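Asks: In the working numbering, the protein residues as written are 1 to 326.
Please keep in mind that the hints were generated in silico from the structure rather than gathered at the bench. You may find that some hints are simply not true.
Just the calculated beta-carbon pair ranges, DEER-fashion [to be verified]: (1) Gly322 - Pro262: 15 to 23 Å; (2) Ser282 - Asp188: 17 to 25 Å; (3) Ala125 - Ala315: 39 to 47 Å; (4) Gly82 - Arg281: 19 to 27 Å; (5) Glu94 - Phe73: 31 to 39 Å; (6) Thr324 - Leu106: 17 to 25 Å; (7) Asp164 - Ser2: 13 to 21 Å; (8) Gly82 - Ser134: 15 to 23 Å.
In this text the structure is predicted, and so the values were computed from the model without any measurement. Yeah, the Cβ is synthetic: ideal placement off N, Cα and C, and Gly gets one too.
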Amino acid sequence: MSIVSRLSGGRFLVIGRAGLDLYPEPPGTAIEDAASYSTALGGSAGNIAAALTRQNCQAALVTCMSDDPVGRFTLNQLDAYGIDRTHVRSVGGEARNTLALSETRLDGHQTVIYRNAAADFEMSAEDVTAIDYSAYSALITAGTVFASEPSRSACFEALERAKDANLPIIFDVDYRPYSWASAEEAADVYARAGAASDLIVGNDVEFGFMAGDYGAGLDKARQLVADGASIAVYKMGEKGAITITPDAEFRTGVFPVEALKPVGAGDAFMGAFVSTLAAGRSLENAVTRGAASAAIVVGRVGCAPAMPTTEELDAFIAEHPGPTAV
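Given the sequences, and given the hints that come with them, work out the whole structure.
Replies: See below:
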């Protein structure tokens, strides 16, 4: 059975962080000049899960939350998006949910992320061994979950259990240098995660990091497929993407838009890309819809609240010129 056909159940297990995002108001305001902020669900895994539920899929989050008002805000947000939090555990002590302050502007854009004593890094083996993996269509994880223990070992345990249950493993590279003790440690862990994955999505910089040479990222994506992955999507920003399978590779363009901010596009791409495959559409259509979703999100305030519904995505593609020729 192919990886695409195994996604057809549309029920995804998403492992990683979710937290609180704060956006200076009105849009265009710098953090240091803000008199007020809007709040939203944030964190790469939280955003991907929100993107999936907006696209008529089911998403269950696996993580830990701080047992405090910020953690409870995040739990309430998961409920608002229809994200299953059966596998979310609250932790006390000094653990804190991730907090991100992010500006809605392009020129001089600033995002400040607080990851001190991050609650999501408290995820343990016990959190992932209690899951019935056979109830899901695939496991999705982003690279930040591997940056610290015990979360790292717990996620590798989850990958093993997903493999045993014949679940495809989808890996969003999502390399954030500030989360890691060293680049060398990150490179070793990413190599293990990439080798365990069936579908890998990253940008040219992230694949270059995995290769140990920023000029060799595309070769690394191709090598991951040659070594056993079913699909690698090598994103190149405004230059589009190259999608690689064992049988072929193809290029796709992007949808030009008037962007408000540079963040949220990767999570939006992943949500629309995976949900399109789950709906039984072609791989090329999935990449195109991922690119369209990314274009929508960079033109809206916020990340999770900016994720389009299926109807909004259909309308955007029908009305908007693109994707650009490559």
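Asks: Taking the hints in turn, state whether each one holds.
Replies: Status of the hints after comparison with the structure:
About 18 Å separates the C-beta atoms of Gly322 and Pro262, a value consistent with the hinted range of 15 to 23 Å. Checked against the given bound of 17 to 25 Å, the beta carbons of Ser282 and Asp188, roughly 35 Å apart, lie outside it. Checked against the hint of 39 to 47 Å, the C-beta distance between Ala125 and Ala315 comes to roughly 44 Å, which is consistent with it. In this structure the hint that Gly82 and Arg281 lie 19 to 27 Å apart at CB holds, the actual value being about 22 Å.
For the pair Glu94 and Phe73, the supplied restraint of 31 to 39 Å is violated, since their beta-carbon distance comes to about 18 Å. The supplied range of 17 to 25 Å is met by Thr324 and Leu106, whose beta-carbon atoms lie about 19 Å from each other. In this structure the hint that Asp164 and Ser2 lie 13 to 21 Å apart at CB holds, the actual value being about 19 Å. Judged by the Cβ atoms, the range 15 to 23 Å given for Gly82 and Ser134 holds: they are separated by roughly 22 Å.
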